[in-house]
Amino acid sequence: MSSDFHLVAYLTGIVIISLFVNMGVSLYGMFARPSLIKKLIALTILSDTANVFAILVGYRRWPPGSIVKPPVLTELPPTPERVARFVSTAVDPLPQALVLTAIVIGLAVIIFLAVIIMQIYRTYGTTDVRLISKMRGERR
Amino acid sequence: MKYERALIAVAIVVFILVLSYAVTLGAMGSTLPPRDLRLLAKLYLWLAINPWTRNLTVMSPEAVTSIVWDFRGLDTFFETAVLYLAIIGTVAIYRGVYASSKSREGPISEDEVGMSPIAKSVTKITLPIVIAVAVAIALHGHLTPGGGFQGGSTAAVILLLVLVVFSLQYSIRMGITKGSTLALRSAGLLGIAVTSILVLILGLLVGCQSFIFQNQPKAYAPVGVPAFLDGMLVSGTLILFNIFECLAVAAGLTLTFILVLTHEEEIRSVMKGDRHE
Numbered sequence: 001m002s003s004d005f006h007l008v009a010y011l012t013g014i015v016i017i018s019l020f021v022n023m024g025v026s027l028y029g030m031f032a033r034p035s036l037i038k039k040l041i042a043l044t045i046l047s048d049t050a051n052v053f054a055i056l057v058g059y060r061r062w063p064p065g066s067i068v069k070p071p072v073l074t075e076l077p078p079t080p081e082r083v084a085r086f087v088s089t090a091v092d093p094l095p096q097a098l099v100l101t102a103i104v105i106g107l108a109v110i111i112f113l114a115v116i117i118m119q120i121y122r123t124y125g126t127t128d129v130r131l132i133s134k135m136r137g138e139r140r
Numbered sequence: 001m002k003y004e005r006a007l008i009a010v011a012i013v014v015f016i017l018v019l020s021y022a023v024t025l026g027a028m029g030s031t032l033p034p035r036d037l038r039l040l041a042k043l044y045l046w047l048a049i050n051p052w053t054r055n056l057t058v059m060s061p062e063a064v065t066s067i068v069w070d071f072r073g074l075d076t077f078f079e080t081a082v083l084y085l086a087i088i089g090t091v092a093i094y095r096g097v098y099a100s101s102k103s104r105e106g107p108i109s110e111d112e113v114g115m116s117p118i119a120k121s122v123t124k125i126t127l128p129i130v131i132a133v134a135v136a137i138a139l140h141g142h143l144t145p146g147g148g149f150q151g152g153s154t155a156a157v158i159l160l161l162v163l164v165v166f167s168l169q170y171s172i173r174m175g176i177t178k179g180s181t182l183a184l185r186s187a188g189l190l191g192i193a194v195t196s197i198l199v200l201i202l203g204l205l206v207g208c209q210s211f212i213f214q215n216q217p218k219a220y221a222p223v224g225v226p227a228f229l230d231g232m233l234v235s236g237t238l239i240l241f242n243i244f245e246c247l248a249v250a251a252g253l254t255l256t257f258i259l260v261l262t263h264e265e266e267i268r269s270v271m272k273g274d275r276h277e
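Line by line, the protein sequences are chains G and L. Heads up: the first sequence runs through residues 1 to 140, numbered per this note's numbering. Heads up: the second sequence runs through residues 1 to 277, numbered per this note's numbering.
The following block holds chain G by itself, in its conformation from the complex (with noise of 0.2 Å):
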């Protein structure tokens, strides 16, 4: 049993760092990268990973004797039993709701960064924030 702990309690560590230390990765591709498509392509790794930590806020662990199930009652018509037996094993609905807006704007909001980029790319020439902050406005 307290074998059984100590390893869950270590593979959940290891899966919340590895989503920081992503997070870490795609926040120093927004600062450092001086392209805007590499920040774009970090903000899309920064926030499919906030999308991954709100899955895992959703998640629970298993009950002796059965095993976590998604949010969805398979068996119908509902009967009060299953319907218990549902409550009892499915996880939390609530997070897994938010995210698949989220991720739905994120694409229509990266489409429309796109669009601007490309823009960007258009007038200036280049999508190069250094050089882009030296012209000053003015079409190359």
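Take the hints with a grain of salt, since some may be wrong.
[To be verified] Only part of the chain G face toward chain L is listed, based on derived beta-carbon distances under 10 Å:
#1 L36
#2 I37
#3 K38
#4 L40
#5 W62
#6 Q119
#7 T123
[Stated by the list, open to error] Taking lysine-lysine pairs in the BS3-like style, the calculated list, with each CA pair at most 30 Å apart, reads:
#8 K69(G) - K134(G)
#9 K124(L) - K38(G)
#10 K178(L) - K120(L)
#11 K272(L) - K134(G)
#12 K2(L) - K39(G)
#13 K69(G) - K124(L)
#14 K272(L) - K39(G)
#15 K134(G) - K38(G)
#16 K38(G) - K272(L)
#17 K178(L) - K124(L)
#18 K178(L) - K272(L)
#19 K272(L) - K42(L)
#20 K42(L) - K134(G)
[Stated by the list, open to error] Pairwise CB distance ranges (calculated):
#21 S269(L) - V68(G): 56 to 66 Å
#22 S116(L) - R85(G): 15 to 25 Å
#23 R136(G) - R95(L): 51 to 61 Å
#24 S116(L) - Y10(G): 46 to 56 Å
#25 A84(G) - I93(L): 48 to 58 Å
#26 A54(G) - V10(L): 43 to 53 Å
The set of hints was computed from the structure by calculation and includes no laboratory data. Using N, Cα and C, we set each Cβ at its ideal position, and we do this for glycine too.
Starting from the known structure of chain G, arrange chain L on it as the hints suggest.
Positioned in the frame of chain G, the structure of chain L alone reads:
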């Protein structure tokens, strides 16, 4: 410049280490995922499909979809608004670009433009299959994981493939234009708006109290959309929301793909101010 980059790297490493140390001290609440859920999550699971508490249930076995379109319907409504504002922003950047002026007059044969016949044949075979999967994901949104967003994204992917493989020029001749996708997207958005006040209109007609984003009959608001249609579970407004959302997402994303794929010379001519329309 070099020092600046090193400073950023050191700052981020410190950030990761501080967060990791906080986790080992128990910043996530416990070192293990909890064995039990919060009361709120339990209530959502309990009320997703529960014919014995008809005043509170959504009548959908999919707890995520019931949260997305019923319990937190207004959240999703405004998040959908954000999605469409991003698409409207894209369209506004490309104002004046119609993605068609470069194509010459007269009919274009399929073989003239686009990729090789192999790619075209494969796309022709996969197009109906992927569209069928997308429609199935959207229509089963209230029963299985999936829904309007996912179905619409699936359909948008195969439409992007059609735009790339058959060339934008040929696709526009076939009717996938900026105008038609904008119209479909607006129709889907209008459908979502109407579905959100459907029960309100019903309540006004019958003459009893009702709410926006109401699905099943509630206490003191005894009107609702039927959960069963001819013995089939449709979960009231959820299936309507999923259908319209699928339509709107597929058309909206295809619209942005058309704009992104537009011929470079045409966009540059618009940017230089050669054409004013």
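Quiz prompt | Hints violated by the structure (listed by number, smallest first) | solution = The structure breaks hints 1, 2, 3, 4, 8, 9, 13, 19, 20, 22, 23 and 26; every other hint is satisfied.
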